[in-house]
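Asker: Mind docking chain B on chain A? Use the hints.
Protein chains: 2
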Amino acid sequence: MKISMYQASVPTFILMLNNLSAILEKAAAHAEVKKIDPAVLINSRLYPDMYPLSRQVQIATDNAKGCVARLAGLDPPKYEDNEATFSELIARIRKTTDYLAGFRPEQIDGSEEKTVVLKFRDSSRTFVGMPYLLNYVLPNIYFHIVTAYGILRHNGVEIGKNDFLGKA
Amino acid sequence: MKISMYQASVPTFILMLNNLSAILEKAAAHAEVKKIDPAVLINSRLYPDMYPLSRQVQIATDNAKGCVARLAGLDPPKYEDNEATFSELIARIRKTTDYLAGFRPEQIDGSEEKTVVLKFRDSSRTFVGMPYLLNYVLPNIYFHIVTAYGILRHNGVEIGKNDFLGKA
Numbered sequence: 001m002k003i004s005m006y007q008a009s010v011p012t013f014i015l016m017l018n019n020l021s022a023i024l025e026k027a028a029a030h031a032e033v034k035k036i037d038p039a040v041l042i043n044s045r046l047y048p049d050m051y052p053l054s055r056q057v058q059i060a061t062d063n064a065k066g067c068v069a070r071l072a073g074l075d076p077p078k079y080e081d082n083e084a085t086f087s088e089l090i091a092r093i094r095k096t097t098d099y100l101a102g103f104r105p106e107q108i109d110g111s112e113e114k115t116v117v118l119k120f121r122d123s124s125r126t127f128v129g130m131p132y133l134l135n136y137v138l139p140n141i142y143f144h145i146v147t148a149y150g151i152l153r154h155n156g157v158e159i160g161k162n163d164f165l166g167k168a
Numbered sequence: 001m002k003i004s005m006y007q008a009s010v011p012t013f014i015l016m017l018n019n020l021s022a023i024l025e026k027a028a029a030h031a032e033v034k035k036i037d038p039a040v041l042i043n044s045r046l047y048p049d050m051y052p053l054s055r056q057v058q059i060a061t062d063n064a065k066g067c068v069a070r071l072a073g074l075d076p077p078k079y080e081d082n083e084a085t086f087s088e089l090i091a092r093i094r095k096t097t098d099y100l101a102g103f104r105p106e107q108i109d110g111s112e113e114k115t116v117v118l119k120f121r122d123s124s125r126t127f128v129g130m131p132y133l134l135n136y137v138l139p140n141i142y143f144h145i146v147t148a149y150g151i152l153r154h155n156g157v158e159i160g161k162n163d164f165l166g167k168a
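Same order as they appear, the protein sequences are chains A and B. What the first sequence shows, in this note's numbering, is residues 1 to 168, in sequence order. What the second sequence shows, in this note's numbering, is residues 1 to 168, in sequence order.
Extracted from the complex, chain A is given alone in its bound form (with noise of 0.2 Å):
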């Protein structure tokens, strides 16, 4: 049967989302118990110079609808990456699954050998389908879902591995 390119990429995205989103829900009710300003968590990094967790959240989900965009040949929808609070960034997880739920499998299916070109400031860069999406887009979704993870883990919210697996 082999895996399809959307069941390797619209139902995993979705599925990790929605487990980042209920990391944040729990990161959120955390810092209400704990008296923290939500903002502390929202703007903590692991190093200076690495993007604070609102950032980690904007990029993860940029990957996702960027990814499903442009397999079925569209373009990306934009957004203004002003998310301030855990609300707002649940808010655009949530906008963003639903962009996702909204693809039907045969527009991503057959898209192993499609060009897709990402474009930069100054630069682009093109890919073939699959290698895209399992060695680009994957590993980036993960990277800055699980970097969110360790923010929130660093800084004491009570969350395991099994709420950033899910219910897989």
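Please keep in mind that the hints were generated in silico from the structure rather than gathered at the bench. Where hints are given, some of them may not hold.
Since the list can't tell identical chains apart, any single copy or any two copies may satisfy a pair.
As the list claims (entries may be wrong) - Okay, derived cross-link-like pairs now, DSSO-like style, lysine-lysine, Cα gap no bigger than 27 Å in a straight line: (1) 161 <-> 34; (2) 2 <-> 167; (3) 119 <-> 78; (4) 114 <-> 35; (5) 2 <-> 114; (6) 78 <-> 114; (7) 161 <-> 35; (8) 78 <-> 161; (9) 119 <-> 167; (10) 95 <-> 26; (11) 26 <-> 167; (12) 95 <-> 119; (13) 167 <-> 95; (14) 119 <-> 161; (15) 35 <-> 167; (16) 35 <-> 119; (17) 95 <-> 78; (18) 161 <-> 114; (19) 114 <-> 167.
Answerer: Using the frame of chain A, we list chain B on its own:
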């Protein structure tokens, strides 16, 4: 064409483990230049009840060899989990990638619906091949590799996301 179970597992595991190995090489070099006892980095954690760097590397490799062995219907090789230096951790990764590289695609392909049983000390968990790979093994491997990265980054080792992604 679709993605085979082999394509979604072995080459990705080898790529990410090689990247982790290169990151550990940079960490070892950093410790030498900065005159830091390497054991400080190897035993570092992001929070007191999280695993240290060494255990993150051990679990990442365990997930990779365990997955490929189980999908092929073999018993995973057992390692002693006694690595205490950067060179020992790097050797463990090398031993794992050598093991992975010994599998032929036909040993892994077709395992999408294979029943996989994970045995823990007091329990077991049963998976179906494809979700086992996509939603259990891959997130677990990324979780431990990114956490290893985060521990080193938090300790000032000069690495960036491109070290994690490698030459994808």
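Asker: Hints broken by the structure, by number, lowest first?
Answerer: 4, 15, 16
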